[in-house]
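S.K.: Below, each chain spelled out in residue letters.
Protein chains: 2
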Amino acid sequence: MQIELTREYIAKLQEAIARENRNEVQQLIDELHSADIAELYTTLGEEEGKLLFAVMDNEKAADVLIELDIDDRKRVLRNLSSDMIARQLIDNMDTDDAADVLGELANDLKEEVLSQMVDIEHAGDIVDLLAFDEDSAGGLMAKELIKVNENWNVVTSIREMRKQAEDVDEVYFVYVVDNSNMLKGMLSLKKLLLSSRNSQISDLVNTDIISVRTDTSSEEVTNIMRKYDLVALPVVDQLGRLAGRITIDDVVDVIKEEAEKDYQLIAGISEDIEPTDKVWILTRARLPWLLVGLTGGILVSQVIGLFEADLGIYPEMAFFMPLIAASAGNVGVQSSSIVVQGLANQTIQLSQTFKRILKEFSVAMMNGLTLAGIMLAYNILVKSSLALTLTVSAALFSVILFASLFGTLVPLLLDRFKIDPALATGPFITTSNDLMGLMIYFSIGRIFYGFL
Amino acid sequence: MQIELTREYIAKLQEAIARENRNEVQQLIDELHSADIAELYTTLGEEEGKLLFAVMDNEKAADVLIELDIDDRKRVLRNLSSDMIARQLIDNMDTDDAADVLGELANDLKEEVLSQMVDIEHAGDIVDLLAFDEDSAGGLMAKELIKVNENWNVVTSIREMRKQAEDVDEVYFVYVVDNSNMLKGMLSLKKLLLSSRNSQISDLVNTDIISVRTDTSSEEVTNIMRKYDLVALPVVDQLGRLAGRITIDDVVDVIKEEAEKDYQLIAGISEDIEPTDKVWILTRARLPWLLVGLTGGILVSQVIGLFEADLGIYPEMAFFMPLIAASAGNVGVQSSSIVVQGLANQTIQLSQTFKRILKEFSVAMMNGLTLAGIMLAYNILVKSSLALTLTVSAALFSVILFASLFGTLVPLLLDRFKIDPALATGPFITTSNDLMGLMIYFSIGRIFYGFL
Numbered sequence: 001m002q003i004e005l006t007r008e009y010i011a012k013l014q015e016a017i018a019r020e021n022r023n024e025v026q027q028l029i030d031e032l033h034s035a036d037i038a039e040l041y042t043t044l045g046e047e048e049g050k051l052l053f054a055v056m057d058n059e060k061a062a063d064v065l066i067e068l069d070i071d072d073r074k075r076v077l078r079n080l081s082s083d084m085i086a087r088q089l090i091d092n093m094d095t096d097d098a099a100d101v102l103g104e105l106a107n108d109l110k111e112e113v114l115s116q117m118v119d120i121e122h123a124g125d126i127v128d129l130l131a132f133d134e135d136s137a138g139g140l141m142a143k144e145l146i147k148v149n150e151n152w153n154v155v156t157s158i159r160e161m162r163k164q165a166e167d168v169d170e171v172y173f174v175y176v177v178d179n180s181n182m183l184k185g186m187l188s189l190k191k192l193l194l195s196s197r198n199s200q201i202s203d204l205v206n207t208d209i210i211s212v213r214t215d216t217s218s219e220e221v222t223n224i225m226r227k228y229d230l231v232a233l234p235v236v237d238q239l240g241r242l243a244g245r246i247t248i249d250d251v252v253d254v255i256k257e258e259a260e261k262d263y264q265l266i267a268g269i270s271e272d273i274e275p276t277d278k279v280w281i282l283t284r285a286r287l288p289w290l291l292v293g294l295t296g297g298i299l300v301s302q303v304i305g306l307f308e309a310d311l312g313i314y315p316e317m318a319f320f321m322p323l324i325a326a327s328a329g330n331v332g333v334q335s336s337s338i339v340v341q342g343l344a345n346q347t348i349q350l351s352q353t354f355k356r357i358l359k360e361f362s363v364a365m366m367n368g369l370t371l372a373g374i375m376l377a378y379n380i381l382v383k384s385s386l387a388l389t390l391t392v393s394a395a396l397f398s399v400i401l402f403a404s405l406f407g408t409l410v411p412l413l414l415d416r417f418k419i420d421p422a423l424a425t426g427p428f429i430t431t432s433n434d435l436m437g438l439m440i441y442f443s444i445g446r447i448f449y450g451f452l
Numbered sequence: 001m002q003i004e005l006t007r008e009y010i011a012k013l014q015e016a017i018a019r020e021n022r023n024e025v026q027q028l029i030d031e032l033h034s035a036d037i038a039e040l041y042t043t044l045g046e047e048e049g050k051l052l053f054a055v056m057d058n059e060k061a062a063d064v065l066i067e068l069d070i071d072d073r074k075r076v077l078r079n080l081s082s083d084m085i086a087r088q089l090i091d092n093m094d095t096d097d098a099a100d101v102l103g104e105l106a107n108d109l110k111e112e113v114l115s116q117m118v119d120i121e122h123a124g125d126i127v128d129l130l131a132f133d134e135d136s137a138g139g140l141m142a143k144e145l146i147k148v149n150e151n152w153n154v155v156t157s158i159r160e161m162r163k164q165a166e167d168v169d170e171v172y173f174v175y176v177v178d179n180s181n182m183l184k185g186m187l188s189l190k191k192l193l194l195s196s197r198n199s200q201i202s203d204l205v206n207t208d209i210i211s212v213r214t215d216t217s218s219e220e221v222t223n224i225m226r227k228y229d230l231v232a233l234p235v236v237d238q239l240g241r242l243a244g245r246i247t248i249d250d251v252v253d254v255i256k257e258e259a260e261k262d263y264q265l266i267a268g269i270s271e272d273i274e275p276t277d278k279v280w281i282l283t284r285a286r287l288p289w290l291l292v293g294l295t296g297g298i299l300v301s302q303v304i305g306l307f308e309a310d311l312g313i314y315p316e317m318a319f320f321m322p323l324i325a326a327s328a329g330n331v332g333v334q335s336s337s338i339v340v341q342g343l344a345n346q347t348i349q350l351s352q353t354f355k356r357i358l359k360e361f362s363v364a365m366m367n368g369l370t371l372a373g374i375m376l377a378y379n380i381l382v383k384s385s386l387a388l389t390l391t392v393s394a395a396l397f398s399v400i401l402f403a404s405l406f407g408t409l410v411p412l413l414l415d416r417f418k419i420d421p422a423l424a425t426g427p428f429i430t431t432s433n434d435l436m437g438l439m440i441y442f443s444i445g446r447i448f449y450g451f452l
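Read top to bottom, the protein sequences are chains A and B.
The opening residue of the first sequence carries number 1 in this note's numbering; numbering runs sequentially from there.
The opening residue of the second sequence carries number 1 in this note's numbering; numbering runs sequentially from there.
These are computed hints drawn from the structure, not numbers from a lab.
Hints should not be assumed to be uniformly reliable.
Heads up, the list lumps identical chains together, so a pair's fine if it works in one copy or across two of them.
[As the list claims (entries may be wrong)] Below are the DSS-like pairs computed for lysine-lysine, each with C-alpha atoms no more than 30 Å apart in a straight line: (1) 256 to 110; (2) 418 to 60; (3) 191 to 74; (4) 355 to 418; (5) 50 to 191; (6) 383 to 12; (7) 278 to 418; (8) 163 to 383; (9) 110 to 60; (10) 383 to 261; (11) 418 to 359; (12) 163 to 355; (13) 355 to 278; (14) 12 to 191; (15) 359 to 191; (16) 278 to 110.
This structure is a prediction, so every number in the text was calculated from the model and none was measured.
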């Protein structure tokens, strides 16, 4: 049930916790969804949170633990013995969640927890999953699934499914394999339900399905599930044997996280933060890119220092420095962000680098001519000197061309060297474009002021 | 099946189209998923695309049409009579897709298409959906669903479901209603499949479910489905009667679109564009924010003009102008982006405005002190004048405080006035902070240079 987590509700809960009234606490959270309890947990102190976990049964506690963010999860696990982690929590989780939680633990604690698990088969599945890169289909998938043999009929299948279904929360599809566990296709429950009981599975199976391999990247998995509107995606090993399945709810989180990561990089934030995080964490996430900007600013000050004499004679040159720098920054961020999004959505193929640059160059020409034209009109209107008028428009045009190409090329290069291209958005690109932009501006200024 | 859309493949298809060899074209696209055909369509010219649509059967054409982006879809529909749109395409679509496509048409064409539809009941459902705001649960939902009465048993339910199931592609859940169509709960197909045939639905139904109303905003719908990991979400009317259902694949697109919109706003891009769009569209999307930046730059030049005399005497003041402006811009973008993401994820409540500002102020103090300290050390090291040294550090500190507060307040204010807070990220915030930052810098400079 959905309950609004009002301030009054939270106050009431905290009061019950303060009085250590376990029954009341239990009653208060009894109707809540695990996601709501996790949200509640973030508003509580460490000691309050301990009591919250103490009143939940194991299954609920496991569900809530998965919903917490990594810092809070570590805080909870710190207070528990490896034995409790294994039997109360991990044993009650699906294999994919269990592997995620264990993957966050230090190596020796992880081993200890695994060795204390009661369900050996479950532990084995988790160990299998831990071997995969967390950014691959193997790292996303769960082992819990329902599969039937293509040689069975509907009655046999339903009988076998009853046994398998205990481990699986929700079933949307049944996977069909042959005798050597090779994936043959999928069968919707709808079809199974509406078919005659004697039908052969091989007559009902849909063999025209999409699957991925365990080593497919999680980015490609999300693109495939999104593009083909899939709710579940089977994962096979190198030989084509069914290894696990990925469901859309896991992928929704990946999509959201990737979008947030790109957004934070363009905003100049270096870690995944929430507005509710502590001041120290918020500061730490923001300082690195501010320092990059500051370093750039110091370099810029030295570039301008080279032109100090010119500035003494023509202080008007300083008027348009921020305009040049800001335009360079804005154009650079636009260009790099288009490339970054194109790469993420796979609408840019690397083979088209040259075409991409040509197009970017055309767009830059049009924007550059427009802006340079406007500044030409403006400077004539306000009766600036001829040298300044020409310098500003010529520099603006060159700077826009340069910033576009730089903003397009850098993320493409980073991507080619397998570095996250989103690093080239935000403060990095604005800072380097500031620097180059002002160098171009003063160099062009020297030419015009020298000649005129 | 997944087929790599290679350059060779596309060349082969274009050649077949050029020769108007319909059989070959049909063979080439026969195995393709509708999403792949839609991708293919974007690489073709208008005449080529026409032939592509001409060889597909109605159902396939309808599927492909939905996958196209809005511009391409309009291009396809332009060539078709209202009669063809109604009977070949709309009649073959799910109600939610049909309503989306019809909603894009001009009013009189929409009426005409609706009047030509063969399946009157289907047309009625679509008209119902068209009445809802497209950014609401009613606008997202489809009418196709499978429902059973709580008073039925499993055998009756399966019989009734067989009739309903013809209209529905995939079934993950069965909705349970009472005699007046009030939503009572949901039933997973797994449960239905594994239960004895004589069980009563009321004994199997899960009544502890989450539903939304037709007027719930699509943003809240996505937040709910993501938070509670839902694959399907029932929608009810004001009285609690079952009105439709939303599935996760529709919501995945909403999540992705909203993330892209925010990303493009912070990057200074004003329309939803793809790298594959035409040069003119790319230019049009980028020019508005560049003009905002340019206007800001002109205002900045006038502010600096006020201090022309100072600059003539102390040209060194110009050295750190870009550093001040860039820091103001970077801090402003960081602050506003945190607020925008917090509002989108509902981790910021509007009631906490004051708390948010206080926290932001603390973070700004720490970052400001750090950066000002570094610049103090730097200027002492390079033996800058005392006045410049003090001006730069004092101004940097003030500018960071100011930019943080401004970056936090503006999106919060926009949100309160129901304007998209993401407008306050990117070029808008950097431009205003440039302006304010340099005003602060020169004002502080005048004080220190005057006194020392």
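S.K.: Hints the structure violates: just list their numbers, smallest first.
M.R.: The structure breaks hints 2, 3, 5, 6, 8, 10, 12, 14 and 15; every other hint is satisfied.
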